[in-house]
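S.K.: First to last, the sequence lines map onto chains A and B.
Numbered by the UniProt record's numbering, the letters in the first sequence go through residues 1 to 88 in order.
Numbered by the UniProt record's numbering, the letters in the second sequence go through residues 1 to 322 in order.
For the record, the hints were derived by calculation from the structure and aren't laboratory data.
Check the hints yourself; a few may be wrong.
To be verified - In silico lysine-lysine, BS3-like type, Cα no more than 30 Å apart, as pairs:
1) B:192 to A:82
2) B:192 to B:170
3) A:88 to A:32
4) B:83 to B:192
5) B:298 to B:282
6) B:170 to B:160
7) A:32 to A:61
8) B:192 to B:277
9) B:278 to A:88
10) B:93 to A:88
11) B:136 to B:160
12) A:82 to A:41
13) B:136 to B:301
14) B:136 to B:277
15) B:192 to B:282
16) A:88 to B:192
17) A:61 to A:41
18) A:82 to B:83
19) A:82 to B:277
20) B:83 to A:41
21) A:88 to B:277
22) B:93 to A:82
23) B:136 to A:88
24) B:306 to B:319
25) B:278 to B:93
26) B:301 to B:282
27) B:278 to B:192
28) A:82 to A:32
29) B:277 to B:83
30) B:309 to B:298
31) B:83 to A:32
32) B:93 to B:277
33) B:83 to B:278
34) B:93 to B:192
35) B:83 to A:88
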Amino acid sequence: MGLWDAFSEIVESVTPWSTVEAEAPAQEQECKNAPQCASAKHHFDHCVERVQQQEEDGGAKEDCVEEFFHLAHCATDCAAPKVWARLK
Amino acid sequence: MLARSCLRSTRTLNGLRNGANNVTKRAASTSSGAANEAVPTRLNVAAAASTTLAVGSMAWYYHLYGPVAFASTPAEEGLHPTKYPWVHEQWFKTYDHQALRRGFQVYQEVCASCHSLERIPYRSLVGSILTVDEAKELAEANEYPGEPNEQGDIEMRPGKLADYLPSPYKNEEAARFANNGALPPDLSLIVKARHGGCNYIFSLLTGYPEEPPAGTVVAPGMNFNPYFPGTGIAMARVLYDDLVEYEDGTTASTSQMAKDVVEFLNWAAEPEMDDRKKMGMKVLVVTASLWAMSVWVKRYKWAWLKSRKLAYDPPAESKVRH
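Okay, chain B solo, but in the shape it has when bound (with noise of 0.2 Å):
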């Protein structure tokens, strides 16, 4: 039965084939009769179609790609800042809490009108930026949403050390409304959240040239930075010499100034840093000497395995066979 239906098969494709031979003879043998008469007008509309289409694909296809496309250029991506000898950054440094004090001072003073720092509570200040008083009193500055009162209504309470610094905006549409579209980001976390890190903040804020670069094209509203992927940036410079006072006397200049509220951002970021540091010292030192009393504990107990004297006394010569 296979075999018959299988015979079969091959004999349909033979028959398929000739059955299409036959076809395209028929057709050709048909075609030189007068239905299908060449008609100019019909071949001319069609050779003139064919050619309004195949020259309009080109060029559309040559609109679509044909130009130079400006696409991963180097202001696409943005100048790769420079790396700077932070000295929080080696491994047996701490922070230099002077200069998250004047940081604060100056994210404070400059960068809190737009930007918001909203993960970073009043008591995590204390101790590491500001005195206990320093913080109550910053906190009690602003008010917040208390508890009801008896008639349900939420009234306003001076703030406490438990509260989170105050945003410049209510939220992200206020922001962007403020600020020509351009939404200021959060510099909680900052420093973790840009490639880059410590030195792109540090080059973004002190890098803002002079003068743009010949040539290039500034959209309105906007700013050269070079370190801004796509070089157009909505913040204007706002560091300047002596914009700040600082209250231990560091002379403020742009570059201090920004190294302070870098650091400050990236204290921000990882306040757990120091105490990291601390704690790896701590296994580092604890693993190791552990390590060399597990060597020194292996040695010893192996030692009488390691010492002993294999001998072989052989039995002394005699004439006696065995």
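Isolated chain A, as found in the complex (with noise of 0.2 Å):
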């Protein structure tokens, strides 16, 4: 048994279906760099810049909660079915 057990480990290992975690906010990571999403996260991260710099000034005027939609629909969208080839 035990050789069969360290087959299957192997087999386990390499196939990549098992060994992935199936994890969506880490593909989204992943969109959210990638060069589609690269309009969108520029526009957040300025406004986050921004926002930030009021708060300095005391008090912020704003929010980032429109960038942030935009944001997370594209990396959303990126994501979805590479999202979906991982889960069973």
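Starting from two chains that each stand alone, build the complex the way the hints lay out.
M.R.: Here it is as structure tokens:
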């Protein structure tokens, strides 16, 4: 049996679907940095920078929800098929 | 008579007009008299009052409508969920019943502490999610009010397959009291009840960001979720990796649990889907073949008419005049 266990462990470690941790956030994070989301990410980062500056100067006048939405929409759109490919 | 009355009416109109003129004339002539001599203080008071009124109403209007209105913002609408390639939404696919079983486990271990599923009886779980014995065992773990005994008191009895899944709270008030005023909705029909259905619920469960975007004000006791309209949701993130241990050894990642539980909730909302698709296919196949048969029969019946040949056979030329 020991030989069989060792063999199945090798098979498990080689097959991609059993080793990869099926996780959407990681995939989305990857997508946020992907080229198709570059514009949304740029705007979001810019907004965060601006708002943090405002907070330092005493009180934010706006929030980055809209920019966040655009980025999240782009990232989930890009990640959806990849996540599904990994889920059971 | 009619003509006279008409004439008279025009006359009275004229009279009125003249009268009005006269009145104004008279008023103008009398105003030069001593009665309405300009009283400076009264005029000043009137001017001041009307100015105050005008300025005040303008200020009030500005107070009401002047500042930038934060209405119809994207935050208010909520982020629209991405469309995920759900297998069970395809035409020729059924629910993945392994996933339903896992999803039911997630519901029981995670969701059921706050959310009821009160329209689902144990019997409907039989055959699609649990075996009969498993469902009976599950039902017997809960108590339900039984028949009145000899003294008329209702005694509690162990659950049967015909009973419905127990709710975590007695009523809406109790649910709100336990959840800081927020009501966890019943999940029986939630997939049908929410815009975006499966995609929305999956996104909601997995979409809690690490921290809300800069500048967002999250009310105390609330959590930021981009997919929830208004972005402030009372439910905190509940699904974390390895929260449950699946009996079939599937990796219980957040997305996997969310996917399974959403598929289970879709089953809860429309348990008839598998049968409906099968019936739909039967209907399509039968009607298509009946239609093909009807076309064939029509052509068969009309064949003699369609294939006949009309020929004009002129009489032979003759010298005889008719």
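S.K.: Give a verdict on every hint.
M.R.: So, going through the hints one by one against the coordinates:
For the hint pairing residue 192 (chain B) with residue 82 (chain A), the CA-to-CA distance comes to about 26 Å; that is within 30 Å, so the pair holds. For the proposed pair residue 192 (chain B) and residue 170 (chain B), the alpha carbon gap of about 24 Å is at most 30 Å, so the pair holds. With a CA separation close to 24 Å, the supplied pair residue 88 (chain A) and residue 32 (chain A) stays within the 30 Å bound. This hinted pair checks out: residue 83 (chain B) and residue 192 (chain B) have alpha carbons roughly 16 Å apart, not beyond 30 Å.
The suggested pairing of residue 298 (chain B) with residue 282 (chain B) holds, with an alpha-carbon distance near 24 Å, which does not exceed 30 Å. Note on residue 170 (chain B) and residue 160 (chain B): the hinted pairing holds, with a Cα-Cα distance of about 20 Å set against a maximum of 30 Å. In summary, the hint linking residue 32 (chain A) to residue 61 (chain A) is supported, as the alpha carbons are separated by about 26 Å, within the 30 Å threshold. For the suggested pair residue 192 (chain B) and residue 277 (chain B), the alpha carbons sit about 17 Å apart, so the restraint of at most 30 Å is met.
With a C-alpha separation of about 24 Å, the suggested pair residue 278 (chain B) and residue 88 (chain A) falls inside the 30 Å cut-off, and the hint holds. Straight-line distance between C-alpha atoms of residue 93 (chain B) and residue 88 (chain A) comes to about 15 Å, which keeps the hinted pair within the 30 Å bound. For the suggested pair residue 136 (chain B) and residue 160 (chain B), the alpha carbons sit about 7 Å apart, so the restraint of at most 30 Å is met. At most 30 Å may separate the alpha-carbon atoms for a hinted pair to count; residue 82 (chain A) and residue 41 (chain A) meet this at roughly 20 Å.
For the proposed pair residue 136 (chain B) and residue 301 (chain B), the alpha carbon gap of about 61 Å is over 30 Å, so the pair is violated. Between residue 136 (chain B) and residue 277 (chain B), the direct Cα distance comes to roughly 29 Å. Compliance with the 30 Å bound is thereby established for this hinted pair. With a C-alpha separation of about 25 Å, the suggested pair residue 192 (chain B) and residue 282 (chain B) falls inside the 30 Å cut-off, and the hint holds. About 24 Å separates the Cα atoms of residue 88 (chain A) and residue 192 (chain B), which keeps this hinted pair within 30 Å; it holds.
Between residue 61 (chain A) and residue 41 (chain A) the alpha-carbon distance is near 21 Å, which keeps this suggested pair within the 30 Å criterion. A C-alpha spacing of about 13 Å is found between residue 82 (chain A) and residue 83 (chain B), which places the hinted pair at or below 30 Å, so the restraint holds. Between residue 82 (chain A) and residue 277 (chain B), the direct Cα distance comes to roughly 28 Å. Compliance with the 30 Å bound is thereby established for this hinted pair. Taking the CA atoms of residue 83 (chain B) and residue 41 (chain A), the gap is near 21 Å; set against the 30 Å cutoff, the hint holds.
Only pairs whose Cα atoms come within 30 Å are accepted, and residue 88 (chain A) paired with residue 277 (chain B) is accepted, the gap being roughly 23 Å. For the hint pairing residue 93 (chain B) with residue 82 (chain A), the CA-to-CA distance comes to about 20 Å; that is within 30 Å, so the pair holds. Taking the CA atoms of residue 136 (chain B) and residue 88 (chain A), the gap is about 28 Å. The hint holds against a cut of 30 Å. Among the hinted pairs, residue 306 (chain B) with residue 319 (chain B) is inconsistent with the structure: their alpha-carbon atoms are about 39 Å apart, more than 30 Å.
Proposed proximity of residue 278 (chain B) and residue 93 (chain B) is supported: the alpha carbons are some 10 Å apart, at most 30 Å. The suggested pairing of residue 301 (chain B) with residue 282 (chain B) holds, with an alpha-carbon distance near 28 Å, which does not exceed 30 Å. Between residue 278 (chain B) and residue 192 (chain B) the alpha-carbon distance is near 21 Å, which keeps this suggested pair within the 30 Å criterion. Annotation: proposed proximity of residue 82 (chain A) to residue 32 (chain A) holds, straight-line Cα distance about 14 Å (limit 30 Å).
For a cut-off of 30 Å, the pair hint linking residue 277 (chain B) to residue 83 (chain B) stands: about 21 Å separates their Cα positions. Note on residue 309 (chain B) and residue 298 (chain B): the hinted pairing holds, with a Cα-Cα distance of about 19 Å set against a maximum of 30 Å. A hinted pair counts as satisfied when its Cα atoms are at most 30 Å apart, and residue 83 (chain B) with residue 32 (chain A) qualifies at roughly 17 Å. With a C-alpha separation of about 8 Å, the suggested pairing of residue 93 (chain B) with residue 277 (chain B) holds against the 30 Å cut-off.
The hinted pair formed by residue 83 (chain B) and residue 278 (chain B) meets the criterion: a straight-line CA distance of about 25 Å does not exceed 30 Å. Restraint check: the Cα-Cα separation between residue 93 (chain B) and residue 192 (chain B) comes to about 19 Å, which is no more than 30 Å; the hinted pair holds. A hinted pair counts as satisfied when its Cα atoms are at most 30 Å apart, and residue 83 (chain B) with residue 88 (chain A) qualifies at roughly 17 Å.
In the structure shown, a violation is registered for the earlier hints numbered 13, 24, in ascending order.
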